[in-house]
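**Q** Sequence:
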Amino acid sequence: RQKAGQMWPPAYFMQDGAQFVPTRLARSPWSAGTIAGGPVSAMLAHIAEREVLNPQMGIARFSVDILGTVPNQPLDWTAQTVRQGRQMQLHRVQLLADGRVVAQAHILQARHLDTPAFPAPHDYPDPHSIEDASFLIAASMGGAVRTRPVLGSVRQPGRGICWFALDGEVVSGITPSPFIKAALFGDFGNGVGSATDARDWSFANLDITLQFLRLPVGEWLLLDAETHGAGNGFATASSIFADQDGIFARGFQTVFVAPGMGMVE
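For the sequence shown, this note's numbering assigns the number 1 to the initial residue and increments by one for each residue that follows.
These are computed hints drawn from the structure, not numbers from a lab.
Every residue, glycine too, gets a C-beta built ideally from N, C-alpha and C.
Just so you know, nobody snuck in bad clues.
With beta-carbon atoms standing in for the labels, derived distance ranges: (1) 245 - 98: 38 to 46 Å; (2) 88 - 120: 18 to 26 Å; (3) 18 - 55: 20 to 28 Å; (4) 16 - 133: 34 to 42 Å; (5) 130 - 73: 35 to 43 Å; (6) 24 - 87: 40 to 48 Å; (7) 116 - 87: 15 to 23 Å; (8) 32 - 236: 23 to 31 Å; (9) 18 - 156: 39 to 47 Å; (10) 21 - 114: 40 to 48 Å.
Could you put the whole structure together from the sequences, leaning on the hints where they help?
**A** Here it is, written out as structure tokens:
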């Protein structure tokens, strides 16, 4: 996977003082001058984890709003706790370009308590029973995102199921946590379970939401995704997220549908 002379592990961002500078790997597949939703989501999770999250509470929801395009340039950030209570806490993290907020995340945390477990059933195959194979096209992070497809492919519209492993870093020199990896892969649902061929219709994200049952564990994370729309310019991608222990989250995306490169005259 690694090319001769390529830095390893690759990263989406370099830290320069208080700013985060995107590398070429963070570039959006829809526009060279912007940053893809996955690196944006993962960066917001990285900042939240380091600046505001309470390690004594669980992460129940992680939601991202992409406020237009996120320019491919050094980004500033802010982080604050909006609500701090004993039962729940709400945090907000923002990314800024030239003083303008371009993306933000809200993270809901809930108190820990021993309660009955009622896990969601699943019958996904173990990732170690599947060989590595190409699934992604423009989001392989220079070979640092490995895929083991179960169903479908990125250029085959319809439901897709795939195991993912991340060998790269979100911020250079810092190993991403399972939470940050889930935030990155939360952007992949509309590609894994695409409803259209990207050469005909593009499907950029407007938002990303992950609702956690628990945080993931292990190297491999699975997405089981589908996209549905009513033919009115936007659609919804929904995903089930699992690790080897079972389902850990559900994900949702609002997708902006527009003519793809193959339809532009």
